[in-house]
Amino acid sequence: MANADGAVFVTKENICDSEFTKQFIADKLQKREDERLAHVQKRKEEKSAVSAAQENTKSFYEQFSKEKNDLENELSLCDSLDKNKLVDKFDEISVMYQKLQRFVTESTMFLPAYDLQQTQENLSKLQTSIQEKRNELIPKKKFAFKSKKKGTVSEKVEEKPKPVLEDEDVLLADCKFSDRNGEQLVMDSTINKKDVALTCLDSCIVKLHGTPSAVHINKLSNCTILSGPVSGSIFIRECKNCTFVVACQQLRIHTTTDTKFYIHVTSRAIIEDCSTVSFGPYNWTYDDIEKHYEMSGLDKRRNSWDDIDDFNWLAADKHSPNWSLIPEDDRKKFT
Amino acid sequence: MGLLTILKKMKQKEKEVRLLMLGLDNAGKTTILKKFNGEDIDKISPTLGFNIKTLEHRGFKLNVWDVGGQKSLRSYWRNYFESTDGLIWVVDSADRMRLQDCKRELHALLVEERLAGATLLVFANKQDLPGALPAADIKKGLDLDEITTHHWLIQGCSAVTGENLLQGIDWIIDDIASRVFTMD
Ligand SMILES: Nc1nc2c(ncn2[C@@H]2O[C@H](COP(=O)(O)OP(=O)(O)O)[C@@H](O)[C@H]2O)c(=O)[nH]1
Ligand SMILES: [Mg+2]
Chain A
1 MANADGAVFV TKENICDSEF TKQFIADKLQ KREDERLAHV QKRKEEKSAV
51 SAAQENTKSF YEQFSKEKND LENELSLCDS LDKNKLVDKF DEISVMYQKL
101 QRFVTESTMF LPAYDLQQTQ ENLSKLQTSI QEKRNELIPK KKFAFKSKKK
151 GTVSEKVEEK PKPVLEDEDV LLADCKFSDR NGEQLVMDST INKKDVALTC
201 LDSCIVKLHG TPSAVHINKL SNCTILSGPV SGSIFIRECK NCTFVVACQQ
251 LRIHTTTDTK FYIHVTSRAI IEDCSTVSFG PYNWTYDDIE KHYEMSGLDK
301 RRNSWDDIDD FNWLAADKHS PNWSLIPEDD RKKFT
Chain B
1001 MGLLTILKKM KQKEKEVRLL MLGLDNAGKT TILKKFNGED IDKISPTLGF
1051 NIKTLEHRGF KLNVWDVGGQ KSLRSYWRNY FESTDGLIWV VDSADRMRLQ
1101 DCKRELHALL VEERLAGATL LVFANKQDLP GALPAADIKK GLDLDEITTH
1151 HWLIQGCSAV TGENLLQGID WIIDDIASRV FTMD
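Protein sequences appear in the order of chains A and B.
In case it helps, the numbering used here puts the first sequence at residues 1 to 335.
In case it helps, the numbering used here puts the second sequence at residues 1001 to 1184.
Quick caveat, the hints were computed from the structure, so don't treat them as lab data.
Each hint should be verified, as a subset may be incorrect.
Said to hold, decoys possible - Now the in silico label distances, taken between C-beta atoms and shown as ranges:
hint, chain 1, residue 1, chain 2, residue 2, range
1, A, 285, B, 1059, 48 to 56 Å
2, A, 240, B, 1104, 19 to 27 Å
3, B, 1163, A, 92, 37 to 45 Å
4, A, 291, B, 1042, 18 to 26 Å
5, B, 1107, A, 326, 41 to 49 Å
6, B, 1163, A, 42, 48 to 56 Å
As the list claims (entries may be wrong) - To give a feel for the contact side, a few chain B residues facing chain A, derived at Cβ under 7 Å:
hint, residue
7, 1026
8, 1043
9, 1045
10, 1046
11, 1048
12, 1049
13, 1052
14, 1072
15, 1076
16, 1079
17, 1082
18, 1094
19, 1097
20, 1129
21, 1130
22, 1131
To be verified - Away from chain B, derived, C-beta distances all over 10 Å, residues of chain A:
hint, residue
23, 54
24, 55
25, 129
26, 182
27, 184
28, 188
29, 204
30, 207
31, 258
32, 290
33, 294
34, 333
Virtual Cβ for every residue (Gly too), placed ideally from N, Cα, C.
Between the sequences and the hints, there should be enough to build the whole structure, so can you do that?
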């Protein structure tokens, strides 16, 4: 049966051929693995003062740039290659690329985030140049499913669906506050195990006396938000000049400025496209908080409030300029 | 015969499937992956980069790539397109405010040449939340009926309870298998 690219034919010959190629590739891989092991062994014996991590990073770069060079060499050979050999050559290059990518992935355990990002960019560029070369040398085949559209899984809809949901639908979440100005807003334990949405609030104080499963927050300014323990994540976007006092499993903060966070987060807090945000430990108490902690399943002993990942700042050796810790004397108490 | 064709045949022998899991950040991709693999889901941090897991399921070897969905990482998604048999698009069904964003990113992927021919499974995740939009609404919100270039299915699920994860994965494997592993 034809595959998506219509290229699979089953003949005995092809099978033998593929057995042969398989062996050939396996041998090649083995050889490379042996070389790599010998190399690693040699490095081990060289015993230097460099730490293991640096050592790993170094040999990563050696291998990465070697393989990248090999690949670029192959690519540059394409120009002078016979037309009918091009498809095979590009298939080969694409396999090389995938192996390089896998090698990078397997190295993420020890690669510092900054190096990882650089490497990702290198991979991107490499992929682009492969693609460009391929487009230049091999005219594109148009891809399309046969008109039968066999197997397309979707129920028939009686009428043409509206292209997007209506605005009211979009904001129809059970527990939410939106478009308020200068108010004190409170929710009680009816929000337990539910999801809460806060959007378009200005100069409000919001108190969530309960343990929601998830919280989505968008476009707040000059607000103070206090929340009991959230069993899942709190997702914050586009806030300005606010104070958040929240406990949760994950905290994700995007495009937010001039805001203070007093947090208890059991896995990790991250920021992206933020500036002038600062962090202190969670310190809100209310009557049922112990009960709510228990219901939420959050571990009170684990709190990484002072260890924030900035997705726009991956250099390991320098602190992100986008966030800081709130000095102890400046921390506020909340009731 | 091209080498990729040969590799495809090798894959047929080993029944190896490459699944790429994408979606906006906070959708629950990493949680789905860990839950499916029977791992602890309480300690998952936001993904700075990517995870890869090889899982055995129904005699198939699934190579699942879970790539972070933060804005700053989306431009790297295309590094992972090559040889993708199935795309799993994960949606936070309770995040009504980003549904438009979600739709735009999905449709941008579907025109990618290197994803042509990949089966598409949409997980409408977090169905355990009372405010979650049901799968039918997510289907509407993402304009899935417009898609004619890929085999697709939308499946409501919850990574926290594990509900319907298996159904989704089984469907995508079956669809891929019927296209790719037709030799035996
Ligand atoms: N209630 C609920 N929360 C979920 C579900 N799946 C994931 N989450 C939570 O959503 C947050 C983001 O999940 P994660 O897997 O890190 O998202 P990713 O960015 O797509 O990898 C975490 O706090 C998860 O616990 C689900 O099905 N239901
Ligand atoms: Mg993740």
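Structure-based check of each hint:
| no. | hint | verdict |
| --- | --- | --- |
| 1 | A/285 / B/1059: 48 to 56 Å | holds, 54 Å |
| 2 | A/240 / B/1104: 19 to 27 Å | holds, 25 Å |
| 3 | B/1163 / A/92: 37 to 45 Å | holds, 44 Å |
| 4 | A/291 / B/1042: 18 to 26 Å | holds, 19 Å |
| 5 | B/1107 / A/326: 41 to 49 Å | holds, 42 Å |
| 6 | B/1163 / A/42: 48 to 56 Å | holds, 52 Å |
| 7 | 1026 | holds, 5 Å |
| 8 | 1043 | holds, 6 Å |
| 9 | 1045 | holds, 4 Å |
| 10 | 1046 | holds, 5 Å |
| 11 | 1048 | holds, 6 Å |
| 12 | 1049 | holds, 6 Å |
| 13 | 1052 | holds, 5 Å |
| 14 | 1072 | holds, 5 Å |
| 15 | 1076 | holds, 5 Å |
| 16 | 1079 | holds, 5 Å |
| 17 | 1082 | holds, 6 Å |
| 18 | 1094 | holds, 4 Å |
| 19 | 1097 | holds, 5 Å |
| 20 | 1129 | holds, 4 Å |
| 21 | 1130 | holds, 5 Å |
| 22 | 1131 | holds, 4 Å |
| 23 | 54 | holds, 20 Å |
| 24 | 55 | holds, 21 Å |
| 25 | 129 | holds, 13 Å |
| 26 | 182 | holds, 23 Å |
| 27 | 184 | holds, 23 Å |
| 28 | 188 | holds, 16 Å |
| 29 | 204 | holds, 18 Å |
| 30 | 207 | holds, 19 Å |
| 31 | 258 | holds, 20 Å |
| 32 | 290 | holds, 19 Å |
| 33 | 294 | holds, 15 Å |
| 34 | 333 | holds, 29 Å |
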